[in-house]
Amino acid sequence: MGVQNPGYWLPVDLSKYGYKIDDLINIIHVFMLILFVGWGIFFVYCLVRFRAKPGHRANPELIHAKGSKYAEIGVAIFEAVILLGFSMPVWAAYKHAPPDKDKAQHVRVVAQQFAWNFHYPGPDGIFGKTDQKYIDEAANPVGLDPNDPHALDDIVDVNNLHVIRGKPVMLRLSSKDVIHSFWIPVMRVKQDVIPGTVFPIWFEPAENATLGEFDITCAQLCGNNHFKMRGAVHIDTPESFQKWLDSKKVSTQPVNAEEEFKE
Amino acid sequence: MSAGHSHDHGHAHDDHAHGHHELGFIRKWIFSTDHKVIGMQYTVTALVFLFFGFTLMMIMRWQLANPGHVIPFVGSMLSKQLYAGYMNLATEGVLLPEGYNALGAMHGTIMVFLGIVPLAVGGFGNFVMPLQIGAPDMAFPKLNMMSYWVFLPGGLIMLASFFMPGGAAQSGWTSYAPLSVINPGQTAWLVGMIFLITSSLLGSINFIVTIIHMRAPGLTMFRLPFFVWAQFVTAFLLLLAFPPLEAAGVMQLMDRLAGTSFFMPSGLWVSGKAAEWVGGGSPLLWQHLFWFLAHPEVYVLILPAMGIVAEVIANNTRKPLWGYRSMVYAAAFLGFMSFIVWAHHMFMTGMSTKISTFFQTTTMIISIPSVIILTALVISLWGGSIRFNTPMLFAIAFLPMFAIGGLTGLPLGLTSSDIHLHDTYYVIGHFHYVVAPGTIFGMFAGIYYWYPKATGRMMNETLGKLHFWPTFICMNCIFFPMLIQGMMGLSRRTYDPNIYQAGLASLKLHKMISWSAWIMAIAQLPFIFNFFVSMFAGKKVTENPWDSTTLEWAAPSPPPHGNFLTEPKAHRDPYVYSPPGRKDDFLPQHVVLEV
Amino acid sequence: MDVAIPCQVKPHPVTGIANGKLAIWLFLASEVMLFGALFSSYILLRTNAETWPRGHDILSVPLATLNTAVLITSSVTMVMAWAQLMMGNFSKGRKYLAVTLSLACVFLVVKFFEYKDKFHHYQVWFNTPTMVAGHEVTTITGHIEEKTDDFIKFLPDPPKGHKAEAGHHEPIKIETSQIKRLSNYGPWHSNFFAVYFTMTGLHGLHVIGGIIVIGYLLGPGAKLWHRDRQFYINRIENTGLYWHFVDLVWIFLFPCLYLI
Amino acid sequence: MNNRCWNTTSLVASLTLALLAGSALADGKMGTATVKGKISADGKPTPGAPIAMGADKFCLAANPKPVSPQGKLIFADGTLPYAFVYIKSADGKLDLGSKYTPPAEALEIDQSGCMYKPHVAGMVAGQTMKIVNTDDTNHNIHSLPTKNKSFNFSQPKKGMTKDLVSAETFNNPEVMVHIKCDVHPWMSAYIGVLPHPFFDTTKKGGEFTIKNLPAGKYKLAVWHEEWAPQEIDIEVKDGETVEKDVKLAKK
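Those protein sequences? They're chains A, B, C and D, same order as listed.
With numbering that gives the first Met the number 0, you'll find the first sequence wraps up at 262, consecutive numbering, no jumps.
With numbering that gives the first Met the number 0, you'll find the second sequence wraps up at 594, consecutive numbering, no jumps.
With numbering that gives the first Met the number 0, you'll find the third sequence wraps up at 259, consecutive numbering, no jumps.
With numbering that gives the first Met the number 0, you'll find the fourth sequence wraps up at 250, consecutive numbering, no jumps.
Just so you know, these hints were derived from the structure itself, not from any lab.
Keep in mind the model is a prediction, meaning the values are calculated, not measured.
In this text, a Cβ means the ideal position worked out from N, Cα and C, and glycines have one as well.
Just so you know, nobody snuck in bad clues.
Here are the simulated distance ranges between beta carbons:
{"#": "1", "chain 1": "A", "residue 1": "Tyr7", "chain 2": "B", "residue 2": "Leu81", "range": "39 to 47 Å"}
{"#": "2", "chain 1": "B", "residue 1": "Leu81", "chain 2": "D", "residue 2": "Pro63", "range": "41 to 49 Å"}
{"#": "3", "chain 1": "B", "residue 1": "Val43", "chain 2": "A", "residue 2": "Tyr7", "range": "40 to 48 Å"}
Chain A with its partners taken away, still in its complex shape (with noise of 0.2 Å):
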């Protein structure tokens, strides 16, 4: 397991542009911590030097405060710069520069009350189709069509999404039942999962980042066991990934009863 909360602030980030999301939450929170300060100096000094005095009587004159003044048209301009040359922007990118489709790796996510299913397409690199109706929890969670070619080789594992470090990663998110959100903090990552839509996201763990297991969350209530319903992201080398891969192709499994019974 990797060392996720080295303190007492943002998770390590180990994606290539998550960097941008946290400059962000600094550069807010220095301002707050700022503005809050400046302001509770005022405060402060306001309480202790207009205390009643004996024989001290207030002085109903309303100051001319060009103070505020400025001070609320800073926070303003501040609160533009923000929205316009950070949030904006990085929101932009987000939505609408996603990586080369041929480079990444794609991966589609199957939630549902209380597991998310990682399906990977397999070497073929195609999805097999998938149908309700074909859906067998313990065996086909996601429902592959037996009948399709494409759907042989594809790998469905649950709760337990592997990524290679240096590689994007497109994900395309449904669910089963009810809303859930896909978030992994070190990824800077998140999308709510509302049945009926599919969510295309994608993040790039860095080239870099560190190896290991890092928490995958549902950020949305999603019943009486959504806290269970917790995720790994292991950040692979090309190695270990396909060392994952092989210990995955052995699809088929003898299904000797003796070893149940044996007692």
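Knowing the structure of chain A, use the given hints to seat chains B, C and D on it.
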């Protein structure tokens, strides 16, 4: 108003004074049409609900600080199976995930709809507003009574839902479909909500008519105390924002009971089998209708508190409010803007760039009027002669608390930073800073401030300070760590945070929060004691113990049925404190200056 | 012992209206938001839907037209009642009020028959395309004659435009195993009927509310006329405003649900 | 969790049930005949992918080797475990025309190693149940009946036990009721709810035995998750043991 009316007032008061025609206990205290009694009914009921909602949270806090441990004191009680099919909150003394969800959903619902709104609007609005505008009562006293008696069953249905088959609602106070349509317990919630919404509608119509039609002579709109303005804007928000939720509630009820698919998309596959709904509906529709109410609702929660704080600050700085008019305009603008920011709660639902641009821009704009009100209140301290009594302590503590709440709204209102912070503890910290140390401090300030008006006796100052300081410290120890937990990536509504790295890494903070919450519970004891004992043992007061200027202090304490002995007239602005050339440092609105 | 409330009867010098009228306008504003939310939901559901039936294919336009006429007439009689009262004709005013009340009841009776028809009308979806009356279909509509665990006896609707020859259609037997879904035209049938029943149902509740208020003003509430004539007329006027609103909602509902 | 209150409740509930059942003494007819045999598969099973135990760290640790879904299991000789064998009336009804009170002992379902034990079981309608979690992870147990009331609750801690009184379990005959865990979607169990006690679930060697059957004509019905159900006419006489082996065809 004609002279005939003022004659009526005098007559009404005579009745009261002689006592022979006094109403019976039931008409006077239970089914009363007197706005003051209804206000007190609302206040007491809301305080009980607040206490109950707080208790629910303390049980959840136990689970978060000590996941999987037997809950002390109440664990065995919650594990008792009351009847076959009863939904237990706990098993073997340990809170269950569904119990946690039920407590969470009900905590939110109770605090917002049964605690703060009834206290801020039903309680303070009802009691103070007619007095402040010099009216004998509300425009529709019977409607006012009905509003309370529709509210109470709504609240009781919510409470009773814990004991109904299927238990209380478990889908969060936001009740997102399709989960809320599938989950047990939601029907009682919806029925309860329809009662509460109806009550709010009756109340808000009454408030608006009263403020427009029943102001005392001379009391122009810009001579109204800021509190009345806050209530005025709030009433409009309730009037216009609640009906869409009522429509949504009816639709969700239809989805649950009549099998319609308003919020159910096609092809749902629930728990291993195809769902029974035909489909074709839209889960997002619920979110839009819900947040169209629930964002204005935020201002319903905060505006009355701002109003109270403005009153208390003006009174205790002994000088007029700075920027009264800009505060009024800001409040009105806030009310208007609150109708067009709702979708900033939905940035993660796959919103397009254009729509998100609109909503994050409106969200940034709506922060400006809040900044104006806050700044005006702080600058009002300048040049004053500040009295640090209990109401004032709560009122000035409101300012930095609301500042933190407001500032932390910024990163949440921007789509890009919201990617990381959405639905984390940061959100919880943010809105609790607005509502708990924010609004509730405002409410406490109001209770300490108007208590002598309602009862004719003061609350004890020492106990008040004993209440304030630990509450203030604990509030911050509870909610500040949440901001950090959210930053660390801890998702909200998580029954057992320990299975996540962010939860494990911040478990110490959870423990700190929980201990602070329990200490804060103890810190409320002086308040409860003070509240009840001062009714009989508090220092007796005349009509104006705080040397205040607004009209409610022209009525006797407590005011009789019909409120004023003689019809008040307003001769000047609301906050004429420390006028030059006068011996007293205040000049009430109703006082006629002898030339 | 009631406190005297200013502007209860006499108009406020600034706004020019009495308390009740201001309140009813505010109430109507909230009602606009209520029905506005429902109409928005309707538009959203309809624009998102793959298929959406035409109201006139599955609902009875003649009955709805009749109901529209009934409601509009009732609005007119409501105004007449108010006008007569304004002229001091108490008994004539009451008569018009009674007519309004009966028209409202007629509306509900017609609505009841419309609803009843929907609950007895069924649609069957087959698992696989099935031959019915010489056509291969996936779904048919009609009435259930007999229902057991194993099969239903189903009387299909005559094809469109062949209403005169309805007698030609014989009931058919459908095995339960053939049926994918069987539903009457209740709110659960499809989103169209969900919208239809929710909106007309809520409108119907408003009509019932109007009946209660008008009934009160006609019966026990009429005593007020003798005590405070203006107050009574105000109440009639405010009720009229509400009644026009209910009428107006129907005037929106009629084309939205039945015509387009 | 045997606290006193609970026992009182279940006592009251069972007393009520006994009263409701009317003449509890006039219990269903029992006989002396026995039906036994073996259930086997006619053909080769479709191979199944192993269960994705990696979904939960605890489950992975509890099952170091790959595990197949229980429904796919078959013995080397072609006999099938987890087939539910039960008696129907000669005209194919679940009701045998006489009322049987459910046995006093509860049907116990254990959540162990992220699997249900047993995977297939039978119960008399209205029998009590006992749900146990022996795993150190959170399970929720969700029943999906079509003719009965559903239950859905969590057991977040190891050792948690929940006793379901008669009114909370399945009171109407239904073959089969599906039970699953939503946290571990592969976990599933099937309960055959019958109005009589003549049923068995096959174990090692696909064997079943149904005892104490009154003499008469019946149908012997077999249900299996993966194989097509079958019904066979049988006739039993007092004291006699009838042997019937059944081969199930592919679904």
